[in-house]
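Participant: Just so you know, the protein sequences line up as chains A and B, in that order. To convert, note that position 273 of the first sequence is 273 in UniProt numbering; the numbers rise steadily by one, no gaps. To convert, note that position 25 of the second sequence is 25 in UniProt numbering; the numbers rise steadily by one, no gaps.
The set of hints was computed from the structure by calculation and includes no laboratory data. Check the hints yourself; a few may be wrong.
Under 8 Å between C-beta atoms, here's a sample of chain B residues computed to sit facing chain A [to be verified]:
{"id": "1", "residue": "Thr2"}
{"id": "2", "residue": "Ala13"}
{"id": "3", "residue": "Ile20"}
{"id": "4", "residue": "Ser22"}
{"id": "5", "residue": "Ala30"}
{"id": "6", "residue": "Thr31"}
The beta-carbon is built from N, C-alpha and C at its ideal position, and this holds for glycine as well.
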Amino acid sequence: MTSNRILPMSRAISEAIAQEMRTDPSVFVMGEDIGAYGGIFGATSGLLDEFGDGRVRDTPISETGFIGAGVGAAMSGMRPIVELMFVDFFGVCMDSIYNLAAKNTYFSGGNYKVPMVIMTATGGGYSDAGQHSQTLHGTFAHLPGMKVVAPSNAYDAKGLMATAIRDDSPVMFMFHKGLQGLAWMASPDGAATVVPEDTYAIPFGQAKVVREGKDATIVTLSMMVHHALDAAEALAKEGIEAEVIDLRTIVPLDRDTILKSVAKTGRLIVVDEDYKSFGLTGEIIATVAEHDPTCLKSAPRRLAVPDVPIPYSRVMEQFVLPNAKTIADSVRASVKGA
Amino acid sequence: MTDIIVPEGLWDADVTPEGIVSNWFFADGATVSKDSVVAEIMVEKSTFDIETPTGGVLKHSVPKDGVIRPGTVIGTVNAG
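Assemble the whole structure, with the sequences as input and the hints as a guide.
Facilitator: Here it is in structure tokens:
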């Protein structure tokens, strides 16, 4: 069925969860303020009314407890979706996430699966300071045992959430607050999209070329896809055609699409809202370097948060986050420096 | 032509007189079907879905982020 309905990302996520809950009684949701409030970033709106408080469970502020409970439920045959309100709060519950959820399949010799989704809000740009503004993509992608998803728009979010719920591995579903389409936080135009009303699933490990170009490859994800597209638009007016790749999932990582694009363009700029060192940007560059460094016409570049906690001060925060101008500058330097 | 109206009594307007249209779920000029949720309004931190009573071509009267009160006509639907 075709649709002309435009949904913000928050509604696309809650719709995906609702559709899976209708067809699979083992799916349920837990977290802080995910019931009556609908999730502070709207990802569970409407679920309590439809499914009741047995399957849409508000929890106390006790992440270690309720994420651990989610692991136990998943190992007992349920498919929990557990919301960690801000990814920054992982500090208090990392044992539940990476010693239990991520490892129990291995520790049990494959006898137990942990089909659990940890849904969490990422990203900054709205002066919420360093304990509410990180993305931490690399932190979770680095640790084996979890799949990691970070959509850039509503269409992808719905299809990736369906896949996350059906997956037998623990999945970190990382949505950027600034893409959710909330009334109190500005959202880029491309984040809300036409979303089919029927259920559909987008496979993990398939990056999307969201703009084609021949001169440089910008590899990015989540919020930065929109800044990269704005940069590409500006560069096109100068005759520079940048290709933009939206990774969509970090684990598994679609290295083939990156390699194919860089083989064509010869230039690589990686943009991430996470910290710069020891993270996603370095991994992407290493992927190309390990495969064939001779395909690069100029040194690869990366834009990410310099290695400081996200500042509260608006001017300082805006300074450390990549944006369309800094991305365009980097692409320009890459092309002209060759 | 049918008006899409912000219902009275959704919230205590004596305490909070105004809200905003926080999202339109169909573009201006889109064809919508009867009872579709066409918009979301936000009052302080609460959101409410607004349905269209009839199907047809939707016209926005209040843009996204525009101010609304109970009784405001936020859009119209032309069955044409």
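Participant: If a hint holds in the structure, say so; if it does not, say that too.
Facilitator: Taking the hints in turn, this is what the structure says about them:
1. Thr2: 19 Å, violated
2. Ala13: 18 Å, violated
3. Ile20: Holds, about 6 Å.
4. Ser22: 3 Å, holds
5. Ala30: 5 Å, holds
6. Thr31: OK, holds: Thr31 of chain B within 8 Å of chain A, min 7 Å.
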